[in-house]
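J.: Each chain, written out:
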Amino acid sequence: MGTVPDDLTRAPIKARLSGAGVLHTEEMVLNVGPQHPATHGVLRVLVSVDGERIVEAEPVIGYMHRGHEKLVEQRDFRQITNLLSRMDWLSGINNEIPASMAVERMLELEVPRRAQYLRVILAELNRIANHLMFTGSFGLELGATTPVMYAFRERELIQEALELVTGGRMHFGFIRPGGLKEDIPRGFVELARRGVRQLVQKIPDYENLLMGNEIFKQRTVGVGVLDPALALDHGVSGPILRACGIPHDIRKVDPYLVYDEFDFEVPVGQQGDSFDRFWVLIQEMRTSARIVEQALDGLPAGSHIGAVPKRLTLPEGQIYCHAENPLGELGYYLVSDGGARPYRMKIRTPSFSNISVAAHMLRGAFVPDMIAILGSMFFVVGDIDR
Amino acid sequence: MGTPPRSLRSLERVDPEEFSRRVALKLEGAAGHVDVRFGAVHVTLPAGDLLAAARLLQGDPELDCAYFTFLSAIDWEAEGFEVLVSLYSLTYGATVIAHVRLPAEDPVMPSLTGVYGGANWHERECAEMFGILFEGHPNLVKLYLPEDFEGYPLRKSFRLASRRFKSWPGAKDEEEAQAGGPLR
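Those protein sequences? They're chains A and B, same order as listed. For what it's worth, this note's numbering labels the leading residue of the first sequence as 2, then goes sequentially. For what it's worth, this note's numbering labels the leading residue of the second sequence as 338, then goes sequentially.
One thing to keep in mind: the hints can contain errors.
Straight-line alpha carbon distances no greater than 25 Å define the calculated BS3-like cross-link-like pairs of lysine-lysine that follow [claimed, not checked]:
#, chain 1, residue 1, chain 2, residue 2
1, B, K479, B, K493
2, A, K182, A, K203
3, B, K363, A, K71
4, A, K71, B, K479
5, A, K203, A, K311
Note that these hints are calculated values from the structure, not bench results.
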């Protein structure tokens with residue numbers, strides 16, 4: 002019997018010590034994605050970690066690049082609708098609207114009030130469907146598997162309403178220069194109303210399930226704080242910008258369609274952390290539901306499409322037309338050379354600018370927080386890559 | 338949270354015409370041409386004046402264009418390139434779009450990354466798609482395309498691969514269908 006000699010126990014640890022008793026460590030590069038459940042598609046992030054802490058992170062994009070900006074140059078002004086619908090596959094209607102608005106403004110086409118109201122209704126229903134998707138998926142990413150079931154229950158009613166009108170559930174192709182493809186069928190008003198009422202009734206459930214949950218709070222409060230000045234510098238928009246305390250919503254600051262006729266408030270966060278981003282997302286569904294109810298109440302009679310020339314050619318010129326998409330500012334810079342197709346169309350998508358700031362937000366965060374940060378950036382890879 | 342940006346103050350909306358006069362006055366000699374189209378202020382600038390103008394647009398409290406919306410380009414073929422820089426002022430609710438003309442051969446312009454961090458990805462995209470060199474960019478590598486990709490896809494001279502072999506089956510124009518696809 003005797004004690005174990007000092008040398009034997011300490012040797013291996015001593016070997017790992019360097020300098021003045023400091024544990025020797027080295028940075029490791031961790032590859033996340035392109036296939037990762039938290040990336041909503043194929044986003045790859047190269048992360049350099051020092052232990053559990055992220056030293057440097059670089060999003061690698063382009064896995065879903067389909068060249069929309071080149072493809073639209075080959076199509077006429079009606080045909081591009083179906084391409085644009087596919088960029089952000091969660092909000093097809095919202096993608097289509099500003100493109101038609103650009104054509105209408107350049108041609109000074111008059112859009113009937115009924116069509117404008119219906120566009121608002123469809124856009125807001127689509128926003129709700131988009132936000133419900135992220136409500137569910139953000140829970141999933143943080144390990145809560147129940148909320149997605151609730152979110153999809155409500156989402157189904159909204160999807161049914163959209164399907165009843167457009168015939169599609171994802172790529173709608175329903176907005177035309179001058180108005181809409183068709184008028185709404187019988188039963189839509191009731192179904193849409195039922196959808197938004199059920200949603201408003203159930204929102205407190207999501208709030209209690211997630212935001213009232215201690216684990217959820219610990220994983221999101223104070224995590225991934227985005228500085229407002231940095232957000233502006235990178236052109237961050239949508240719920241992410243508003244979560245930093247900046248009340249910028251294009252529906253308010255540059256009202257399009259008939260948004261100035263409705264009474265709604267813009268939810269604004271304070272801290273700019275993951276929790277606030279999620280809070281803003283949930284509150285925005287309430288806003289959208291209010292707008293839908295008001296628009297359904299005041300839906301004017303009339304035509305769903307104005308007088309549009311059979312052959313659409315735009316005068317020479319350039320226009321920037323933007324709208325508040327569910328994920329942020331979507332803008333089309335349309336250049337016409339007087340022909341039947343766009344000479345050039347720059348597509349400014351919200352996810353592209355929003356995710357360009359991710360590298361700054363991930364720096365210094367812990368590895369598990371990366372999921373909470375990326376999950377609360379609410380992006381669609383098709384919208385980043387175009 | 339750092340210091341709250343000016344934009345947190347209430348919106349003091351300025352009419353685009355009024356804002357364009359303000360921009361013209363502040364940029365003085367630099368701005369070749371200022372006008373308002375569809376509610377946005379358009380400014381034509383020489384490439385050499387862009388950085389100074391951007392700093393002024395961003396920093397001057399009466400302009401306060403802190404929001405970087407996008408950067409892109411248009412290929413006018415023989416007439417060169419037109420680079421667009423779109424900025425927004427949350428304080429005054431105004432959009433300013435700067436236009437910079439570059440020659441068709443060796444288009445080079447200064448990088449805006451030192452002024453707006455958000456320009457980084459937009460310039461990388463513009464560089465790989467149009468072949469425009471942004472001098473002073475910290476990391477001007479390809480953003481979307483594979484490293485070994487040849488050519489600049491958004492130039493007009495770059496024909497869509499599928500159109501090289503088969504004309505667009507949806508062509509509605511008689512004249513165009515006979516020409517075997519889009520005329521450009």
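J.: If a hint holds in the structure, say so; if it does not, say that too.
T.: Hints versus structure:
| no. | hint | in the structure |
| --- | --- | --- |
| 1 | B:K479 to B:K493 | holds (19 Å) |
| 2 | A:K182 to A:K203 | violated (32 Å) |
| 3 | B:K363 to A:K71 | violated (37 Å) |
| 4 | A:K71 to B:K479 | holds (17 Å) |
| 5 | A:K203 to A:K311 | violated (46 Å) |
Violated hints, listed in ascending order, are 2, 3, 5; each of the other numbered hints is respected by the structure.
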